[in-house]
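Chemist: Those protein sequence lines, which keep their order, are chains A and B. Residue numbers for the first sequence follow the numbering used here, so the first one is 789 and each next one is one higher. Residue numbers for the second sequence follow the numbering used here, so the first one is 789 and each next one is one higher.
Incorrect hints may have been included.
The list cannot tell twin chains apart, which means a pair is met if one copy fits it or any two copies do.
[Said to hold, decoys possible] Straight-line C-alpha distance at most 30 angstroms; calculated DSSO-like pairs for lysine-lysine:
1. Lys-860 - Lys-835
2. Lys-890 - Lys-914
3. Lys-949 - Lys-890
4. Lys-939 - Lys-890
5. Lys-915 - Lys-939
6. Lys-914 - Lys-931
7. Lys-915 - Lys-949
8. Lys-890 - Lys-860
9. Lys-890 - Lys-866
10. Lys-890 - Lys-915
11. Lys-835 - Lys-928
12. Lys-826 - Lys-860
13. Lys-928 - Lys-890
14. Lys-928 - Lys-860
15. Lys-866 - Lys-835
16. Lys-931 - Lys-835
Keep in mind the hints are simulated off the structure, nothing from the lab.
Protein chains: 2
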Amino acid sequence: MRRIACLLVAIVALCSVIYMPHASGHADDEAAPIFGIKIPPGYRDWKLISVAHEEGNLNDLRALLGNDLAIKAYREGKLPFPDGTIIARLAWSYVPSEENNKAFGRAQSFVAGAVTNVQFMVKDSKKYATTGGWGFAQFKDGKPDPAAALKTCFPCHEPAKAGDFVFTHYAP
Amino acid sequence: MRRIACLLVAIVALCSVIYMPHASGHADDEAAPIFGIKIPPGYRDWKLISVAHEEGNLNDLRALLGNDLAIKAYREGKLPFPDGTIIARLAWSYVPSEENNKAFGRAQSFVAGAVTNVQFMVKDSKKYATTGGWGFAQFKDGKPDPAAALKTCFPCHEPAKAGDFVFTHYAP
Numbered sequence: 789m790r791r792i793a794c795l796l797v798a799i800v801a802l803c804s805v806i807y808m809p810h811a812s813g814h815a816d817d818e819a820a821p822i823f824g825i826k827i828p829p830g831y832r833d834w835k836l837i838s839v840a841h842e843e844g845n846l847n848d849l850r851a852l853l854g855n856d857l858a859i860k861a862y863r864e865g866k867l868p869f870p871d872g873t874i875i876a877r878l879a880w881s882y883v884p885s886e887e888n889n890k891a892f893g894r895a896q897s898f899v900a901g902a903v904t905n906v907q908f909m910v911k912d913s914k915k916y917a918t919t920g921g922w923g924f925a926q927f928k929d930g931k932p933d934p935a936a937a938l939k940t941c942f943p944c945h946e947p948a949k950a951g952d953f954v955f956t957h958y959a960p
Numbered sequence: 789m790r791r792i793a794c795l796l797v798a799i800v801a802l803c804s805v806i807y808m809p810h811a812s813g814h815a816d817d818e819a820a821p822i823f824g825i826k827i828p829p830g831y832r833d834w835k836l837i838s839v840a841h842e843e844g845n846l847n848d849l850r851a852l853l854g855n856d857l858a859i860k861a862y863r864e865g866k867l868p869f870p871d872g873t874i875i876a877r878l879a880w881s882y883v884p885s886e887e888n889n890k891a892f893g894r895a896q897s898f899v900a901g902a903v904t905n906v907q908f909m910v911k912d913s914k915k916y917a918t919t920g921g922w923g924f925a926q927f928k929d930g931k932p933d934p935a936a937a938l939k940t941c942f943p944c945h946e947p948a949k950a951g952d953f954v955f956t957h958y959a960p
């Protein structure tokens with residue numbers, strides 16, 4: 789009986805591993821330059837931190853998701869984030885919804901269109917000591933952005949030092 | 789050894805039950821009128837379906853989260869949604885972020901402010917047969933909206949009949 793139980797646990801664990809890259813929507817595992825970050829398996833299943841809208845050239849709707857360490861730290865209000873924290877920033881083009889506007893009776897509804905890119909912040913206070921303990925990566929269609937693009941990440945995040953270099957606040 | 793393992797499982801299960809209402813941010817369990825829906829424990833931990841922005845009187849940023857049945861149906865593209873599906877619509881006031889705007893060097897960033905309200909669609913094809921198989925509820929600060937407000941839900945969702953009365957599409 790115990791052997792069967794162990795076998796079942798092993799099968800379930802194996803299935804989870806096989807399923808995870810599919811759930812993320814990316815089977816690629818090319819690492820981003822400088823920080824060596826790969827797309828974390830299963831990130832699309834992570835819990836929601838918050839949402840945002842960027843106008844201008846970005847013109848997107850975005851969602852911030854966090855792994856369990858990120859969510860725990862956010863909910864407990866504990867800074868700095870512990871090593872192992874990963875924050876994922878998903879973004880989609882900002883698209884008016886004709887279907888929703890018809891239902892509301894006025895043009896007011898904007899929804900997520902095509903994926904623009906996905907970014908990750910990975911906390912490792914030793915490995916990434918020179919960039920506030922964070923590694924940065926951005927992927928488009930599963931392909932990592934070049935080194936030049938990633939060099940702009942930390943300088944941009946520096947003003948958020950009081951929040952451990954993270955801009956996004958938790959949305960209750 | 790086996791008894792200890794069982795005891796541990798029981799403690800973990802009990803802790804999960806105790807923790808869940810806290811994770812949702814609501815300890816209330818007052819049922820909404822007409823459809824008798826309560827705030828589902830742990831809904832704030834559910835996976836992300838998509839995000840949106842409503843202008844006009846709503847003026848919010850919103851996230852759609854789904855329980856496991858909802859996410860599975862969305863990812864498999866299967867309609868109608870199975871009984872037991874719950875879709876949660878969270879919404880926050882639409883607030884410009886001065887901190888983000890400084891980092892971007894221009895006014896372009898809008899983030900989630902205070903919670904406005906939370907809505908749920910619960911699928912039960914028998915119980916809610918007269919409203920497309922869906923029950924509707926809206927809560928503000930944990931308190932359900934009155935019956936009059938809920939009577940407007942299904943007429944508004946009717947145009948989305950081809951999508952099983954659900955407006956939101958899954959954001960990959």
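Chemist: Hint by hint, say whether it matches the structure.
Modeler: Verification of the hints:
no. : hint              : result
1   : Lys-860 - Lys-835 : both (10 angstroms within a copy, 16 angstroms between copies)
2   : Lys-890 - Lys-914 : between (53 angstroms within a copy, 29 angstroms between copies)
3   : Lys-949 - Lys-890 : between (44 angstroms within a copy, 14 angstroms between copies)
4   : Lys-939 - Lys-890 : between (44 angstroms within a copy, 19 angstroms between copies)
5   : Lys-915 - Lys-939 : within (16 angstroms within a copy, 56 angstroms between copies)
6   : Lys-914 - Lys-931 : within (26 angstroms within a copy, 47 angstroms between copies)
7   : Lys-915 - Lys-949 : within (18 angstroms within a copy, 52 angstroms between copies)
8   : Lys-890 - Lys-860 : between (40 angstroms within a copy, 28 angstroms between copies)
9   : Lys-890 - Lys-866 : between (44 angstroms within a copy, 24 angstroms between copies)
10  : Lys-890 - Lys-915 : between (52 angstroms within a copy, 28 angstroms between copies)
11  : Lys-835 - Lys-928 : both (22 angstroms within a copy, 22 angstroms between copies)
12  : Lys-826 - Lys-860 : both (23 angstroms within a copy, 25 angstroms between copies)
13  : Lys-928 - Lys-890 : between (33 angstroms within a copy, 26 angstroms between copies)
14  : Lys-928 - Lys-860 : both (28 angstroms within a copy, 25 angstroms between copies)
15  : Lys-866 - Lys-835 : both (17 angstroms within a copy, 23 angstroms between copies)
16  : Lys-931 - Lys-835 : both (24 angstroms within a copy, 24 angstroms between copies)
In this structure, every one of the numbered hints holds.
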